[in-house]
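Student: Take a look at the letters that make up each chain.
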Amino acid sequence: MGLFILLSLFALGVVIGMPVAFALGAAALTAFWWEGLPLLIGLQRIVSGVNVFSLLAIPFFIFAGELMFHGGIAMRLVRFAAAAVGWVRGGLGIVNVFSSMLFGGISGSAVADVSALGSILIPVMKEKGYDDDYAVNVTVTSSIAGIMIPPSHNMILYAVAAGGGISISSLFLAGVVPGVVMCVCLAVAAYVIAVKRGYPSETFPGWTALFLSFVYALPGLFTAVIIVGGVLSGVFTVTESGAFGTIYAALVTLIVYRSLTWENFLIAVTRAVKTTSMVMILVACAAAFAYMLSFYQVPNKVVKTMLGISENPIAVLLMINATLLILGMIMDMAALILICTPIFLPVATSLGMDPLQFGMILMMNLGLGLCTPPVGACLFVGCAIGEVPMEKAVRTIWPFYIAILVALALTTFIPAISLTLPRALAG
Amino acid sequence: MTTKSPRPGRASGLDRVLDALSFVCKLLSGTAIVVLTLIFGWLVWGRYVMNDTPTWVEQVALLLIMLITFLGAAVGVRENTHLGVSYFREIVPSRVRTWLMVVSHVFMAVFGAVLAWNGYKLAVLKWESSIPLIGVSEGWRAVPITACGILVLLFSLGHLVAIARGERQELDVSELVE
Amino acid sequence: EEWKGWNIHVEGYPNTVAMDKFGELLAEKTNGEITLQMFHGGVLGSQPDAIEQVRAGALAIGNFNLGPMGPTIPETNVVSLPFVFKDVDHMHRAMDGEAGQKISDGMAAKGLIALAWYDSGARSFYNSKKPINTPADVQGMKVRVMNNDLYSGMIQELGGNPSPMAFAEVYQSLKTGVVDGAENNWPSYESTGHFEVAGYYSLSEHLIIPECVCINADVYNALTPEQQTAVKEAAMESATLQRELWATRETESRDKVMATGVKFNEIADKTPFQEAMKPVYETYLAANPDIAPLVELIQSLQ
Ligand code: NA
Ligand code: NA
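Chains as they are written, first to last, in our numbering: chain P, 1 to 427; chain L, 1 to 178; chain Y, 1 to 302.
Derived by calculation from the structure, the hints in this document are not laboratory data.
Accuracy of the hints is not assured; some may be wrong.
To be verified - Quick list of in silico lysine to any residue cross-link-like pairs, SDA-like style, CA-CA up to 20 Å: (1) 102(Y) - 65(Y); (2) 301(P) - 270(Y); (3) 26(L) - 62(L); (4) 26(L) - 270(P).
Taking the hints into account, I'd like the entire structure generated from these sequences.
Tutor: What follows is the structure, given as structure tokens:
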């Protein structure tokens, strides 16, 4: 009965449009009350949910991303990508994909990618004769690469939700190859459609211009080198890398590019706080919710049920994938990472799957959910920027879905894609 | 996905008070994120350059993140910027939609009150313990969530008053984009 | 009545086995009136959180290490004074006697009843640089410590650079030199894999921290005297089991890491280390004058 109250109240809260974080919190506290547990312990779970050291990297990633966008680094990265691959047919679509790789590599947030890159690229693409639905679709789906390619605050959420036993540097390493695989799949889809629809290509700007755009982008690109390199080489801890990267981004945009005004700085701070608190309140309330899930022993029960249906690993993995996809369609990523990890990770590990690989599968699945109706933050933002009705965008988005599903299938069934790098480089 | 209440031409006294509260929260949490970045810069400098790790940074940082999270979350309630699912609100008739919003704000107000009261009790329980390495009371950790509870209660009541006055709240996705 | 219990360790760990045994004995001795549902692996929160949960009555039972109890219950901090116990045997004599009783009284004042004491062995230094034989060897070394002023004070007084750090980050940090060393008991040194990246283990045994099986005071006081006896007995019997399992586990872990070529050394003379701790004791006793008799009591048992 308590479990029923917990789940149905949460569902009710979501349906009537309460913020997801508060729906989680309110459902959890009601279950606390129902079970006769002191409510102040419910509050303790909420507070302790954010009192986690690894989570400190998240505000830094977000802040660094905002400084890069409002300080002009993102724009220079896009120019470099355009000079490098803009001359291919439908090149701006491919530029879009690879800009997500470069920028998403830093902001670590898919929604930030869509709003940052989308507001630069979508208008340009429309102006050059690309259809608006294509521009939106390619922007939205390629933002998922930002989740896979380090740094990624969603990976930190996963590590935290898994109980802190997974090394964040290993997770970051594990994301590189699946992220690149996904980018390649998306680039192929973008190219094929561009050819079919007869989109234009830019002229090659020449080696000098390419080199110059690279030089201009380099100091900004170095932010990524600091954050990712710092973590992967182990010179810094994840949090230190994030902080150092943020300070570096502020200094570069202020001193080298001279494009960070006081107004832009304030905007970056305001937006960083807004996004950080949105993510962290979700983490906080999900911790109280997860406490009640453990209390009702839901993870054990799910493992038993799933393995009861089939012990064939492939069947179970397909079952998990399908469940995550459906959940991803109706709910947001961060909340689902926090809720689903403790439930499905034990199933995956009992099948002998490495938690790193499972993390990649989880990210891709939920990432795809960000691009699907009815609930998809990236799709909403993309459509808003591109001024395209969602129905129109969704009608032509399926080739990109297929590209992501191909990458997902490869990642699910070939462990080496996720595990080779971390095994070779981390402990 | 966000919703945003268009500011009416004449801001009422209540609105002005709530906006002022919301502004103070933004100021505090904005300062907190800048301070957070700077003290971590200091940590990196201390650990790698001076070989003398400032041991207080981690614990202070964890307190600052409480401030950012809970004050920022309260601002989000005022400005309707939290992640939520508005799909069902959009497909129902407008009269039902208003009721859904009323129920949602009432839930939020109750939740805020529960947070405030139990946050206070948690602070009391924690008060005698001290946070290692910085020597301040554990109870401070529960202060931001208590403040958040009070603010969520006030802001949700503010939304209810606005609905009662017939100030319609429209869905506005473009808010996220700015 | 079903009690809920907290334990941070995973399946198969001595404490986990012992807590499950406690539950079994509890049901047996109370003729099924009381059963215990254990939540292992820390799924209900960290230890400081679980202490609050037991104090507030969300959980009935917890298996707590006395180290992280210090901020809540000052008396328990006495076991976190470096070198306060000469060896594990000294710790047992102290905890099973008057000193243990005084610590229990401190817990009782905060709503916790200690039922029995478990072992968590002795913590020693390990690092990636060199064997530690004298305090001079610690000079300039970055050593990860748990969050407690006493531990960071200890490293400071030995001339090292105390670096508080989340447990999950320690492996990578040792590997890449963010920190040079850390300190822990044999089973943790082994199970965390730290021996792979910090191959010098020096038997300093600077901290010998006992653990307790604690029960919420209201829950305990509501029991009949017969039930209270049954609960106590069950806990004591589980402690006997835990101490045996712990000793076995310690030997196994030590043998396992030694077989991988870890360079191990005993410290011939610990006196210079103990003497270096004087300022730590002084600062602590100046801030907690009430604890001085307890420290003297423990030291008199040597
Ligand atoms: Na990323
Ligand atoms: Na979706």
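Student: Could you run down the list of hints and mark each one as holding or not?
Tutor: A quick look at each hint next to the structure:
1. Taken as a hint, the residue 102(Y) and residue 65(Y) pair is honoured in the structure, with Cα atoms around 17 Å apart against an allowance of 20 Å.
2. With a CA separation close to 52 Å, the supplied pair residue 301(P) and residue 270(Y) exceeds the 20 Å bound.
3. For the suggested pair residue 26(L) and residue 62(L), the alpha carbons sit about 18 Å apart, so the restraint of at most 20 Å is met.
4. Our distance criterion of 20 Å between C-alpha atoms is met by residue 26(L) and residue 270(P), whose separation comes to about 7 Å.
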